[in-house]
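Taken in order, these protein sequences are the chains called A, B, C and D.
The first sequence begins at 1 in the working numbering and counts up by one.
The second sequence begins at 1001 in the working numbering and counts up by one.
The third sequence begins at 2001 in the working numbering and counts up by one.
The fourth sequence begins at 3001 in the working numbering and counts up by one.
Be aware that one or more of the hints could be misleading.
Said to hold, decoys possible - Residues of chain D placed beyond 10 Å of chain A at every Cβ, according to the derived structure:
#1 G3034
#2 V3063
#3 L3075
#4 T3161
#5 V3259
#6 K3289
#7 K3335
Said to hold, decoys possible - Derived pair list, reagent style SDA-like, types lysine to any residue, alpha-carbon separation capped at 20 Å:
#8 K1219/B x D3065/D
#9 K1028/B x G3034/D
#10 K1321/B x V1337/B
#11 K3012/D x R3037/D
#12 K2325/C x R2098/C
#13 K2074/C x D3065/D
Calculated from the structure, these hints are not laboratory results.
Beta carbons: idealized from backbone N, C-alpha and C, even for Gly.
4 protein chains.
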Amino acid sequence: MDIIVLRPTATKEDIQHITKRLHGLGLKAQVSRGTERTIIGVIGDTSKVTEEVEDAIRAMDAVEDVMRILKPYKLASRDFRKAPTRIKVRDKVIGGKRLAIIAGPCSVEGRTMIIETAMMVQKAGANFIRGGAFKPRTSPYSFQGLGEEGLRYLAEARERTGLPVVTELMDPRDMELLERYADVIQIGARNMQNFRLLLEVGMSKKPVLLKRGLSATIKEWLMSAEYILSRGNQKVILCERGIRTFETATRNTLDLSAVPVLRELTHLPVVVDPSHGVGKWDLVPAMAKAAVAAGADGLLIEVHPRPEEALSDGEQSLKPKVFQKLMKELAPIAKSVGREL
Amino acid sequence: MDIIVLRPTATKEDIQHITKRLHGLGLKAQVSRGTERTIIGVIGDTSKVTEEVEDAIRAMDAVEDVMRILKPYKLASRDFRKAPTRIKVRDKVIGGKRLAIIAGPCSVEGRTMIIETAMMVQKAGANFIRGGAFKPRTSPYSFQGLGEEGLRYLAEARERTGLPVVTELMDPRDMELLERYADVIQIGARNMQNFRLLLEVGMSKKPVLLKRGLSATIKEWLMSAEYILSRGNQKVILCERGIRTFETATRNTLDLSAVPVLRELTHLPVVVDPSHGVGKWDLVPAMAKAAVAAGADGLLIEVHPRPEEALSDGEQSLKPKVFQKLMKELAPIAKSVGREL
Amino acid sequence: MDIIVLRPTATKEDIQHITKRLHGLGLKAQVSRGTERTIIGVIGDTSKVTEEVEDAIRAMDAVEDVMRILKPYKLASRDFRKAPTRIKVRDKVIGGKRLAIIAGPCSVEGRTMIIETAMMVQKAGANFIRGGAFKPRTSPYSFQGLGEEGLRYLAEARERTGLPVVTELMDPRDMELLERYADVIQIGARNMQNFRLLLEVGMSKKPVLLKRGLSATIKEWLMSAEYILSRGNQKVILCERGIRTFETATRNTLDLSAVPVLRELTHLPVVVDPSHGVGKWDLVPAMAKAAVAAGADGLLIEVHPRPEEALSDGEQSLKPKVFQKLMKELAPIAKSVGREL
Amino acid sequence: MDIIVLRPTATKEDIQHITKRLHGLGLKAQVSRGTERTIIGVIGDTSKVTEEVEDAIRAMDAVEDVMRILKPYKLASRDFRKAPTRIKVRDKVIGGKRLAIIAGPCSVEGRTMIIETAMMVQKAGANFIRGGAFKPRTSPYSFQGLGEEGLRYLAEARERTGLPVVTELMDPRDMELLERYADVIQIGARNMQNFRLLLEVGMSKKPVLLKRGLSATIKEWLMSAEYILSRGNQKVILCERGIRTFETATRNTLDLSAVPVLRELTHLPVVVDPSHGVGKWDLVPAMAKAAVAAGADGLLIEVHPRPEEALSDGEQSLKPKVFQKLMKELAPIAKSVGREL
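Looking at chain A on its own, in the form it has when it is part of the complex:
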């Protein structure tokens, strides 16, 4: 809340009134009278000025607009920490030279299938296994996940392969379960602004993979990261997964420019989920390559042993062969941008 633009009708009394209010907040007001508008610059530690004060000042009749100069997030900001954050997960690192390849089915459908998938993706070069035990589904009549049973199977898949487990939390009441079984806790796109869930994982020691909301701006996304960071958990991984636009040829519009934008704004690692981003398996390889070329720290890819029988997201899951081929094709691109698989 650094620049207050007054309406042409603002009076001396209005200016005094605002100046007084700023003084009350321990701030100084610097009034500049232009030919067409008067503006008030706010001097001092404006980081103490909360959203609500800003809104309240905007509510004044004399005020045309309030422009904020500083970013509303702090801990997530590159101003706060210059060096990129690297997050250790068991013996793997997210944010380092080696890309994080997080592969697996949309949902854990059974013991055999998840173990089979974990072994396959590991062999192809993935370093994390993913799979949902709790599934946010648009319809109440759709498969909602196996729950704790699914988490147990994931743990078993980890035991067999050594791959750390990435899986989603939907309800603060399941936190304890997730703490027990997961290596990285995923917050889904639909929960990016489920603030209670964010505070909950903010108190955990587990790394959190925070997906971008369907219509979240990058600023809002970083504010959600800030919720987690502000509670003490410094291990946040951002995951671009497509935003909602008018285009219907793809399920979402994968916003790859978020990768270089986030590089400038934050020290947190950024991975990309091309599977949800486009929603059709045959478009996934091209976008996975593009994500790596754009500088992503990793990929989240849906792989299913038999997509035609999947209980969810069959349409966007890669068959094992397609995944294996993709991994081979990614290697030289990773190398071109100074990374490795």
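We have chain A; now place chains B, C and D onto it with these hints.
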């Protein structure tokens, strides 16, 4: 999942494979060979075909597209119930001839202010008091609400005025508290697809005011209503509150066409929140009038005794005088469309 | 270009460099050093600072952002002219107490049909006849309009009824024809930023009805109006016709909040086209009423004697009976907001 | 227009009425009565069914929806031509193994600067020079281009370097000029649905670079290509340049998934313009790499010898050194996806 469009490359074997799969689901396949595409019509009770089967069929190489003919929601649909649903809340009714005017501050900031506001809005003609005790805020550093204390003040305001209380639930763990104090439980826009929360209020006997998500399609919104209805709670009120678009002159774009669209698709009552829809108090009166003219069953309006001191949403809150004037101006418009205040 | 925000890395030399550049433009620089950022306020007649200078300053390494305080449009602005502009078209006025009801088919399909329609809509209370002779169609294989023949039929319809003619210009080379036959020249949504066409109608004496582009911000829309005004034609009518969003239940999302927003920003009259806004005839009456309640100066409504045989937009055209009923229902709403039909 | 879904209220007479209408169009109707809806499959050469017939059928009371199965474009479709189209421009080819690198300033600002830029980008590896002589600017007060003078300078730059010239057409009346000076005629995003301009270039023998509209779906974009193709000009290059979304961190949202989507739908070559796509020079290199990795046939990149003095788009133009570095970094990525610079 009623029409399956095959790719030009689909073979006889592909068709047999799909036909067999449909038989396995108890459905019949009717194959039509056109000059450029072959399509398979699915005959039988396709309501049993879940989203996942649809996705899995879409995953087949031979399939170009799957077109659904029936709506994915049932209990929320006008096909299911022809007559409009009227929801009784204490001695008031939402969905009847009289408009529901739900007014009050964004958040309960104290005992005096909420009682004062309740008395004022009642006098001006409102029939419900609103106010948040738990506030979803973009920033972790913003005022998050008074919690149970706020709920107690709301209950006191109800005692004084007789106005039923509408207030938001953010966390399933607060359900018991809300049951105790609220008359209508609000699910906020950011939680429209917080499915666990939906299931929770689905088991309550309290009416639920379900706000549209920031980027939710009308179909998804009705699917979220379906979550609640499917658990047995038939008292769902839909609330249009603006969607996210590229326009920045307003906080959101209020989609008033949702009102007549929902009239055709569902029997549930529809109210409109112009305050969040536009985000600037001086635009609220025009949009409130437009909402009534479009056929809304009610309005949700933010009113604050002193917006310049509000702890949240000051920018979009009406001052008492503006609210009183609006109520007077709404009366003849309501009458023009066969409603009353 | 009034506030320049510098990066934390900006040096004294950078500040001198920018200051010098501003001096070169006849402007003064007022440097304020905050705790976290230094900003430069630009003092003087910043209206001379064009978009390109702004962009060029943004291109400097030392600059984080440039914030503009003044609106980029002048002649269209309420600052420039306080009183609402009223536009006389033959014996009618757009922007006065009486609403402009511009009704008729999407395209002129023949002599009889347009005369028949004109007589019908006039009897029902419309005061302008609309119809396209040149049609912008998504497909090159669709009906493209009757051309000059269509314009002649429109003129004949005007002769019979006295209703002024509103019709679209698509090509600067047709300007002469339009000048001869039309009373109001329509610029379609797809041509809102066809700047050559704007300059062309800017040199005409005919009033121009400027439709909002499918994804145009209100600011861009006013800049397009500014193009016309800057060439000397002061008779511009703005027409909201829906913007493109992710919602698919309607053809577009009618942004009615544009009406009160424009009231604050501009003196130009604003009409609303609910037919294109929603794209389905059965939703049109509700949105027409809402538009009037929101304060629009008029409506553009597609009416066709037999929508099932229309050569374009059949889906969104009202049948005569529906239009007549709507006109009756609009009257009390118009009265409620101080207008008349 | 292949599947007509009837409302539950549709009668036998309605079905007969529709069937008769289809017969009149030389088509057969295949009626399927489901448990909840009756649908009519349309058999025969539905490519003759135009948009207007579809709309008119949708206008019938008995009809709930009309679903089109075939794509509305033909000549642009991969069904029509399997092999990718390669477009020869002087001694260069667009759509071949070698990527088309089209570099240069937003607008031609003078003789020296364009020749200097052409020589520089050529040396760095570009194979086309771009620059605008006619500039579509949001503001009527901004620099609008040098006109024919600019075209002459471009021609001179071509003479010196051998680089073919890509430049924009804004007005059908400038067609003759463009024919004389340009090698590839660019249609800008704002003119993607300026159908008269499309028909004009459709009659030219020059290749056309067709930019995607700011809010154009991929289907609409291909329909605009179809306009050009339908007039006989087979040399159309599609250029993705970002679409309009709610995100404000970038100027537009570059939709790179358009590249693999178009590969499936069309035989036309696809290039990407990351400069307009993101609007900030420091994000351009990452997105240029991503575009090549996604499979684009080329890039359109804004390069300016001194962005801080540019008369337009300074903010998004690369300095020579940055461009040179980018070209070196692109080479291994191009190689990874089977292409070369």
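Hint check results:
{"no.": "1", "hint": "G3034", "result": "holds (19 Å)"}
{"no.": "2", "hint": "V3063", "result": "holds (22 Å)"}
{"no.": "3", "hint": "L3075", "result": "holds (19 Å)"}
{"no.": "4", "hint": "T3161", "result": "holds (28 Å)"}
{"no.": "5", "hint": "V3259", "result": "violated (7 Å)"}
{"no.": "6", "hint": "K3289", "result": "violated (4 Å)"}
{"no.": "7", "hint": "K3335", "result": "violated (7 Å)"}
{"no.": "8", "hint": "K1219/B x D3065/D", "result": "holds (15 Å)"}
{"no.": "9", "hint": "K1028/B x G3034/D", "result": "holds (11 Å)"}
{"no.": "10", "hint": "K1321/B x V1337/B", "result": "violated (25 Å)"}
{"no.": "11", "hint": "K3012/D x R3037/D", "result": "holds (13 Å)"}
{"no.": "12", "hint": "K2325/C x R2098/C", "result": "holds (19 Å)"}
{"no.": "13", "hint": "K2074/C x D3065/D", "result": "violated (46 Å)"}
Of the numbered hints stated above, those contradicted by the structure are hints 5, 6, 7, 10 and 13, listed in ascending order.
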